[in-house]
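> The chain contents come next:
Protein chains: 2
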Amino acid sequence: MTLSHTFRVFTLPALAISVGMAFAADLPARPSASDIIKTSKPSDWRPLDPANTLYMDLPTGRVVIELAPDFAPENVANIKTLVKEHYFDGLSINRSQDNYVAQWGDPNGETKPKSLGTAKAKVQGEFSVPITNDKHFVQQKDFDGYAPQIGHSNGFPVGRDPKAKTTWLAHCYGMVGVGRDNDTDSGNGAELYAVTGHAPRHLDRNITLVGRVVSGMPLLTTLPRGGEAMGFYGANEPHMPIVSVRLAAEVPEAERSNLEVLRSDAPIYQAVLEAQRNRGGPWNKYAANYLELCNATIPVREHPKQ
Amino acid sequence: MTLSHTFRVFTLPALAISVGMAFAADLPARPSASDIIKTSKPSDWRPLDPANTLYMDLPTGRVVIELAPDFAPENVANIKTLVKEHYFDGLSINRSQDNYVAQWGDPNGETKPKSLGTAKAKVQGEFSVPITNDKHFVQQKDFDGYAPQIGHSNGFPVGRDPKAKTTWLAHCYGMVGVGRDNDTDSGNGAELYAVTGHAPRHLDRNITLVGRVVSGMPLLTTLPRGGEAMGFYGANEPHMPIVSVRLAAEVPEAERSNLEVLRSDAPIYQAVLEAQRNRGGPWNKYAANYLELCNATIPVREHPKQ
Chain A
1 MTLSHTFRVF TLPALAISVG MAFAADLPAR PSASDIIKTS KPSDWRPLDP ANTLYMDLPT
61 GRVVIELAPD FAPENVANIK TLVKEHYFDG LSINRSQDNY VAQWGDPNGE TKPKSLGTAK
121 AKVQGEFSVP ITNDKHFVQQ KDFDGYAPQI GHSNGFPVGR DPKAKTTWLA HCYGMVGVGR
181 DNDTDSGNGA ELYAVTGHAP RHLDRNITLV GRVVSGMPLL TTLPRGGEAM GFYGANEPHM
241 PIVSVRLAAE VPEAERSNLE VLRSDAPIYQ AVLEAQRNRG GPWNKYAANY LELCNATIPV
301 REHPKQ
Chain B
1 MTLSHTFRVF TLPALAISVG MAFAADLPAR PSASDIIKTS KPSDWRPLDP ANTLYMDLPT
61 GRVVIELAPD FAPENVANIK TLVKEHYFDG LSINRSQDNY VAQWGDPNGE TKPKSLGTAK
121 AKVQGEFSVP ITNDKHFVQQ KDFDGYAPQI GHSNGFPVGR DPKAKTTWLA HCYGMVGVGR
181 DNDTDSGNGA ELYAVTGHAP RHLDRNITLV GRVVSGMPLL TTLPRGGEAM GFYGANEPHM
241 PIVSVRLAAE VPEAERSNLE VLRSDAPIYQ AVLEAQRNRG GPWNKYAANY LELCNATIPV
301 REHPKQ
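For the protein sequence lines, the chains are A and B, in the order given.
According to the UniProt record's numbering, the first sequence is numbered sequentially starting from 1.
According to the UniProt record's numbering, the second sequence is numbered sequentially starting from 1.
If you are wondering where the hints come from, they were derived from the structure by calculation, not from laboratory data.
Incorrect hints may appear among the rest.
Chain copies aren't distinguished; within one or between two, either way the pair holds.
Unchecked claim - Lysine-lysine pairs mimicking DSS-like chemistry, simulated, CA-CA at most 27 Å apart:
#1 LYS122 / LYS285
#2 LYS285 / LYS120
#3 LYS285 / LYS38
#4 LYS285 / LYS165
#5 LYS163 / LYS285
#6 LYS84 / LYS114
#7 LYS141 / LYS163
#8 LYS135 / LYS80
#9 LYS141 / LYS305
#10 LYS120 / LYS141
#11 LYS305 / LYS135
#12 LYS41 / LYS122
#13 LYS122 / LYS165
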């Protein structure tokens with residue numbers, strides 16, 4: 001993951017003389033987010049929990065999804081049942097809508113649906129949950145138009161309403177949710193989507209989010225956009241097949257991904273956010289003093305070899 | 001362009017009985033943004049100005065870029081010079097960084113740069129301009145963390161500071177900017193980028209935006225991500241070639257795209273925004289009463305045949 005935001009210009013050599021502008025005085029140098037991450041200690045990182053990590057293996061590679069059972073216990077449980085019974089194996093990605101979502105599940109769901117096995121056909125939506133479900137929230141000080149409070153919980157972007165005492169996951173890039181029809185219990189986790197574009201935050205509290213993609217997003221974002229309404233693939237368009245979806249705990253250890261996530265409740269994380277809120281020179285000329293929730297990066301890395 | 005945000009669930013038939021939830025009372029039905037657009041009059045749309053429209057033709061199709069000379073007069077003029085002299089023909093897309101930008105220009109710019117012809121090698125950055133440059137601003141009432149005021153001007157997302165009397169284009173999805181090095185005059189328009197992911201608004205007022213992609217974004221967003229730092233393609237990775245970049249005015253009329261943009265200063269546009277700010281039932285269960293700048297859609301369509 002690259003946090004640097006420098007735009008390299010190929011066509012020009014580096015210029016030795018800085019040309020000042022009245023409206024763009026140079027900012028003092030400051031450590032960047034990636035500079036700060038380089039100073040992290042091993043204890044600032046947490047491994048993914050194999051009991052709450054999914055591997056969606058495509059012919060092109062692996063998409064790793066961290067589940068968030070605190071925010072959607074019933075939906076996550078149903079997805080785990082589907083996965084344990086290998087429901088997704090041989091299904092496909094059926095939708096790619098530009099600047100919105102990729103969605104996967106049963107391509108024949110409307111005509112000849114695959115059996116859900118022992119999983120439930122209806123699971124009540126968990127659009128928000130009691131605030132007490134979330135033990136790991138760390139507030140972000142920035143204003144947000146979609147939620148009274150925002151922050152992170154175990155690396156997930158979160159909105160919360162202290163008056164209503166509710167909390168919910170936010171539709172940032174990479175978040176994974178449960179497709180549904182009009183009824184709030186019409187989803188069951190057999191059809192999932194990942195956000196592949198600008199955060200559609202109006203979906204917050206309207207649909208159940210169950211986790212986020214922590215690795216492999218380009219496998220979803222580079223898929224051809226579907227030619228039918230809402231980016232669904234037509235019958236004659238290729239659908240990316242799903243080889244298998246497995247719970248990490250059910251995969252032999254040697255075949256597991258070895259990822260770890262920067263702890264959002266570690267002090268270093270606040271420094272990472274501040275480095276993104278107020279960037280320093282020499283490239284940056286203006287510091288926003290603001291960080292929108294979905295622009296806050298939660299670093300993920302391969303666990304360093306011992 | 002699809003404005004509908006319904007998530008179809010394939011695996012379930014439509015359910016006849018609505019199951020109420022304590023926390024998700026049904027919202028009253030309201031016209032959606034696409035419903036409202038269907039009621040538009042021909043005069044609610046404006047054609048693209050051929051003198052300020054670029055066609056970037058790739059082997060895979062055409063990317064149409066509307067330029068915004070009001071916001072970056074010097075940079076737009078230099079780009080037009082480059083385009084008129086066919087500078088971009090035979091160059092390539094050199095960078096695709098996931099959830100960030102695609103960038104194009106001279107792949108050999110650091111070693112054996114192509115001549116810029118009569119274009120300037122240095123153009124002062126136009127990170128913001130006097131508020132008087134912008135005659136078409138219509139304010140959006142929603143709060144924004146990156147700008148004292150936000151709105152749209154001729155379909156471009158805009159931030160402005162009434163105290164400083166400055167205005168600038170905002171880094172929403174699809175916006176096109178001028179790559180630069182550390183110095184504020186180190187860009188010249190020979191290296192351009194388009195935002196392909198969540199809006200990196202911290203770039204606002206740090207780099208010159210010159211326009212936006214109004215058609216063809218998937219040609220950029222589905223490109224393989226580059227394997228080098230910041231998503232640059234390595235020497236052994238394929239670079240998407242640029243067949244040509246032309247000003248629409250210099251293309252025979254029969255070969256021009258026939259697009260029109262909903263006028264952001266027409267009253268209907270405020271209704272479109274309000275429909276996105278407060279969505280109605282039956283799918284939506286919670287109305288945000290907020291619309292983040294980069295979630296406001298500026299509809300573009302083919303001009304209807306007479």
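> Confirm or reject each hint.
Consistency of the hints with the structure:
1. LYS122 / LYS285: So LYS122 and LYS285 pass the 27 Å test across copies only (18 Å; inside, 52 Å).
2. LYS285 / LYS120: between (54 Å within a copy, 23 Å between copies)
3. LYS285 / LYS38: within (24 Å within a copy, 43 Å between copies)
4. LYS285 / LYS165: Between. Shortest inter-copy distance 18 Å satisfies the 27 Å Cα cut-off; intra-copy 40 Å does not.
5. LYS163 / LYS285: For LYS163 and LYS285, only the inter-copy Cα distance (19 Å) is at most 27 Å; the intra-copy one is 39 Å.
6. LYS84 / LYS114: within (15 Å within a copy, 57 Å between copies)
7. LYS141 / LYS163: both (17 Å within a copy, 25 Å between copies)
8. LYS135 / LYS80: within (22 Å within a copy, 56 Å between copies)
9. LYS141 / LYS305: Classified as neither: same-chain Cα gap 35 Å, cross-chain 51 Å, threshold 27 Å.
10. LYS120 / LYS141: Result: close neither inside a copy nor across copies, 39 Å intra and 44 Å inter.
11. LYS305 / LYS135: neither (31 Å within a copy, 58 Å between copies)
12. LYS41 / LYS122: neither (44 Å within a copy, 43 Å between copies)
13. LYS122 / LYS165: Answer is within; shortest intra-copy Cα gap is 26 Å, inter-copy 55 Å.
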